[in-house]
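Engineer: Listed below, chain by chain, are the residues.
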Amino acid sequence: MVREVFKTSLPVAFGYLPLGMAFGVLLQNLGIPWYWATAMGVFIFAGAAQFMAVAMLSAKAGLFDVFTATLLLNLRHVFYGLAMINRFKCLGSGRLYAIFGLTDETFSLLSTSEVQIGDSRFVVGLTALNHLWWVVGCTLGAVLKSNIEFDSTGIDFSLTCLFVVLLLEQWFKSRDPKPILAGLCAGAASLLVFGRDHFLLFGIAGVMLTIPLIGKDVKND
Amino acid sequence: MLPKSATQSKFVQIGNRILPPAILTLLVMYSLKNTHLTSGQSALPAILALAAVIIVHIIKRNALLSILVGTALYMFLKQIIFHGL
Chain A
1 MVREVFKTSL PVAFGYLPLG MAFGVLLQNL GIPWYWATAM GVFIFAGAAQ
51 FMAVAMLSAK AGLFDVFTAT LLLNLRHVFY GLAMINRFKC LGSGRLYAIF
101 GLTDETFSLL STSEVQIGDS RFVVGLTALN HLWWVVGCTL GAVLKSNIEF
151 DSTGIDFSLT CLFVVLLLEQ WFKSRDPKPI LAGLCAGAAS LLVFGRDHFL
201 LFGIAGVMLT IPLIGKDVKN D
Chain B
1 MLPKSATQSK FVQIGNRILP PAILTLLVMY SLKNTHLTSG QSALPAILAL
51 AAVIIVHIIK RNALLSILVG TALYMFLKQI IFHGL
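Protein chains in written order, with this note's numbering: chain A, 1 to 221; chain B, 1 to 85.
Okay, chain A solo, but in the shape it has when bound (with noise of 0.2 Å):
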């Protein structure tokens, strides 16, 4: 169990460590104290909204500008929790853990995933495990700061290689080409029509809107 969480994490380490340091390492450039990228990492967990947050928080932006951008940036989550209903329905205490956690890796990853519905282990054990990839890459960020030799140029890269070969894993068990169809219009259009900051809730938007189209050719079981 702990080694199928392992294995399935290690794809998310490669993105969300790097991605994470960045993150510390810019908010330690504005000299705010390394607990600041931790606390950050544990309590916020979002990629976008916390390069996002410190950006307006060194513009002094106001709570209510901070709180309705950041919803806008993550509304995207309310259809993650619709397609995720019958999975966290069964996972009892963990369920507001799981919820809090999810990403869009984490969501992408247990959609596509072949263990049972109801392990509830496994669902909270990979968000948690991701989630500790994420505040890990915060804290090294804001610790050792500019002070790291490696050039990881292209290593969040991996995140897009994941979201690639879940894509396919999912062509292999469905073989049905409108889903994905639906997300390349519903994006293209996103994208002409409300530019890339908020393309994604958009497009998924979109998505949500093909499905009574779709729908009426997916058997029902």
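Fair warning: there could be bad hints in the mix.
What the hints assert, rightly or not - Per label pair, the in silico range of CB-to-CB distance:
no., chain 1, residue 1, chain 2, residue 2, range
1, B, LYS33, A, TRP36, 23 to 31 Å
2, B, ALA51, A, MET1, 34 to 42 Å
3, A, LEU144, B, LEU64, 24 to 32 Å
4, B, HIS83, A, LYS89, 45 to 53 Å
Unchecked claim - Covered by chain B, per the in silico footprint, the following chain A stretches (three or more residues, Cβ under 8 Å):
no., segment
5, 1 to 15
6, 81 to 94
7, 98 to 110
8, 154 to 168
9, 175 to 187
10, 203 to 212
Don't read these hints as lab results, they were simulated from the structure.
Predicted model, so just to flag it, every value in this text is computed and none were measured.
Glycine included, each C-beta is placed from N, C-alpha and C at the ideal position.
Assemble the complex: chain A is given as a structure, and chain B must be docked to it using the hints.
Structural biologist: Just chain B, lined up with the frame of chain A:
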């Protein structure tokens, strides 16, 4: 917490089937758009590395291997071959 009818409704069931691949498609686009195809930089490293990931994964079906090959190739191309482009 949620009524049974909500978790078993046709919309949620169909959504469960359609959302994961559709969202993964969007996440691939998003991660490429955001970090790798920013203006003025060559898209070749990303294209070549993506091709490698897909080929290796279709042949070996080993997620970790595919991701390592793709990331290593991308970093190599980005840092050494296409450096400064």
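Engineer: Now, for every hint given, state plainly whether the structure supports it.
Structural biologist: Structure-based check of all given hints:
| no. | hint | in the structure |
| --- | --- | --- |
| 1 | B:LYS33 with A:TRP36: 23 to 31 Å | 30 Å, holds |
| 2 | B:ALA51 with A:MET1: 34 to 42 Å | 35 Å, holds |
| 3 | A:LEU144 with B:LEU64: 24 to 32 Å | 26 Å, holds |
| 4 | B:HIS83 with A:LYS89: 45 to 53 Å | 50 Å, holds |
| 5 | 1 to 15 | holds (count 4) |
| 6 | 81 to 94 | holds (count 5) |
| 7 | 98 to 110 | holds (count 3) |
| 8 | 154 to 168 | holds (count 15) |
| 9 | 175 to 187 | holds (count 9) |
| 10 | 203 to 212 | holds (count 7) |
Hint compliance for this structure: every hint is met.
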